[in-house]
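Protein sequence lines correspond, in order, to chains X and S.
Start counting the first sequence at 3; every next residue gets the next number (the working numbering).
Start counting the second sequence at 3; every next residue gets the next number (the working numbering).
Everything labelled a hint here was simulated from the structure, so no lab data went into it.
Every residue, glycine too, gets a C-beta built ideally from N, C-alpha and C.
Mixed in with the good hints there might be a few duds.
To be verified - Covered by chain S, according to a simulated footprint, are these stretches of chain X (three or more residues, beta-carbon under 8 Å):
(1) 12-18
(2) 21-28
(3) 31-43
(4) 161-172
Claimed, not checked - In silico SDA-like cross-links for lysine to any residue, where the CA-CA straight-line distance does not exceed 25 Å:
(5) K131/X / V154/X
(6) K131/X / V70/S
(7) K131/X / S72/S
Unchecked claim - Some, not all, of what chain X presents toward chain S, calculated at C-beta under 8 Å:
(8) M3
(9) R4
(10) D5
(11) L9
(12) G149
(13) W150
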Amino acid sequence: MRDEYLLAALRLGAGSDPVPARVSAAARAAFALHLPGGIAAPPVEVPAPSGARSGAPGTDTGPDEGRDEGGDRDGGGPDELRLRRFTAAGLTIDVEITVTGGRLEVAGQVSPPPGPDARVEVRTPHIAKVRALTGGGHFAVAGLPAGWVSVVCHRPGEPPVFTRWAHVGA
Amino acid sequence: MTGCLPSIANGHMTDDISPDISPHHLDQDAWEDLVARFEGRMWAVARALGLSSSDAADAVQGAWLRLVESLDSIRDPDRIGAWLVTTTRHEAVRLARRARGEVVSPSGEVPETAVPDPAAAVVDADFGRHVWRRVDLLGEPCRSLLRLWALHPDARYAQIAVRLDLPVGSVGPTRARCVSRLRALLAEDTGAEEAS
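Next up, chain S with everything else stripped away, as it sits in the complex (with noise of 0.2 Å):
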């Protein structure tokens, strides 16, 4: 689905991914500059991934320390916060297996130092804000089930099933046809910015 890649969104990320320091000369006040810039997305990512607030913690630590003992070969410093994010989510999905009993082999529990997704790129406050935009062009259910799904990280289904007065067992579905139509009006904006 990269064909939906808004442009809106690769302009945001342009400015915001280029912290203009380099890995090699980075010093603590550059670090925290780097936190401060990238932590709400990584956050975001590890969240979204379905863990708990301890699991997103423990993901987005690993992400980091990955950046730590990763410093002095990163080639690439416009792209670590597209790195970043795209480490934040192989640490989650990997302890995401790991809290469901899934055997993880060791080699398998420290990753190839991960090629940045440039999908990752939408993963930014402006884009969101842009996306809500479009939520509210949908109709219903699907407004009040997007915004229940995106703003109650801990819903389980039967609580939006309730509070939407849904059958439980259309939630699932029901949210993935929202998702979808989303997803259209997200492209019919990107197809517009080509065009102009």
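Just chain X, same shape as in the assembly (with noise of 0.2 Å):
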């Protein structure tokens, strides 16, 4: 038995520490985030890590060694900018979030290009912005608050392809 589960077990025989309100309210409204029949894309490694700051989406940086002497590499601090790529249904969605001032900048690139009539939805729990896509699929949300981060795909005849949530702190 590990010791977090006596630690719970013990609070919740006590009634200390109950669910916050808010909380409970996330969670009742978190099925409304369901898509029925649409395809989870899980996270794949991506070649080039984050630390290239330059580097587009899908572009080659090869190895960066000098990035650590930069001193910007804080851990989820501000600006923080990272790639991640998911894949499902022969689709590739690369997305890349950067944080400032609390708010989250998502932009990615959709792979190969889906579409004109295709749309991105960028959601969090709590709001969701939809954006057609460029010519080469690209997209990009601004304003958007910290926390759980899941992209999706609408194409016409095709069922939704959705990345699985992530977690970006503010």
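Using the hints, build the complex out of the two chains.
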């Protein structure tokens, strides 16, 4: 038995530290985020890791041995930029998230480009923003709250493909 | 330590953990029933890992989102409760690592779908009350120390040391010793139940 399970059982038994109302409300609201028939895109490793800040999604930037010297790798501080790649159903969704002033800017690319009628929906538990894609499959959304993020690609006549939820701290 | 998983808790969880719903036919009402049934256990596990209220909220929400994104692939609705508790634990551990400044790879942020941990069955209010009765059998300082540890989630070792008149450096080792004694009592219960 793990210590944390024992401790959790003790607290439950004592009725101490109850679930805050906002946590319950968020849990109840989460069901509305279900996409029936949707295809979950799991994350895959990106060949060129996020240290190469100048690299665009999908660009092979190669090793960047000097990247630790800039002092900006603070593991989650302001202006953090990381590339995440998700694939499913023949689609690759690259997502780059920048944290500025506690808000998220989400930019990315769907490849191969899914065509002019496709839409991308960038979702957080509380807000979703829909964007058309450029001819090259790029999209960008700004001003999202920090926390859980998922990107959905909607294509006419196809089931939606969604990235699994990822957490981005402020 | 799964050997000391008390069968008393298994019994309770078997009832509680079968919500009589299939994930494939969930509606909002059934979902809210799931929330009411399991959110307390999920919250308690996240907090027991030392997360702040804000981080624990993120961990619990993450577990619900994992369920939402996995609804079409869950095959074993009877184990949703254990799955939710296990998934909350995974998300909480990851958030705690991030909070400590450890770098987590993007794929490490989004784990494979959790395998329900049978040991999660002990995260249960009835079993918790059973454990409290065993805590009361311990002498001092164990009884008071475990009470402070359990009932004051944000208490620091220094505060516990003042309350119990112990050197700060001995709070951690004393707690470990008391938890061991508590586990031994619980293991005796399991042995007694198995023998009967």
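Hints versus structure:
Counting residues of the stretch 12-18 of chain X whose CB lies closer than 8 Å to any CB of chain S gives 7, which reaches the minimum of 3, so the coverage claim holds. Residue count for the stretch 21-28 of chain X with a Cβ under 8 Å from a Cβ of chain S: 6. That meets the three needed, and the coverage hint holds. Three residues within the 8 Å Cβ limit are the bar, and the stretch 31-43 of chain X against chain S gives 9, so the coverage statement holds. Coverage of the stretch 161-172 of chain X by chain S holds. Counting CB-CB distances below 8 Å, 6 residues qualify, and the rule asks for three or more.
For the proposed pair K131/X and V154/X, the alpha carbon gap of about 10 Å is at most 25 Å, so the pair holds. Between the alpha carbons of K131/X and V70/S the distance comes to roughly 19 Å, so the proposed pair stays at or under 25 Å and holds. Only pairs whose Cα atoms come within 25 Å are accepted, and K131/X paired with S72/S is accepted, the gap being roughly 22 Å. Checking M3/X against chain S by beta carbon gives a least distance of about 5 Å; that is within 8 Å, so the hint holds.
Against a cut-off of 8 Å between C-beta atoms, the interface hint on R4/X holds, since the closest Cβ of chain S lies about 6 Å away. Nearest Cβ of chain S to the Cβ of D5/X: about 7 Å, under the 8 Å cut. The hint holds. Satisfaction of the interface hint for L9/X is found here, the shortest Cβ-Cβ separation to chain S being roughly 4 Å, below the 8 Å cut-off. The interface hint given for G149/X is met, as the beta carbon of that residue sits about 6 Å from the closest beta carbon of chain S, less than 8 Å.
Interface restraint check: W150/X against chain S, minimum CB-CB distance 6 Å, threshold 8 Å, status holds.
In terms of the numbered hints stated before, the structure departs from none.
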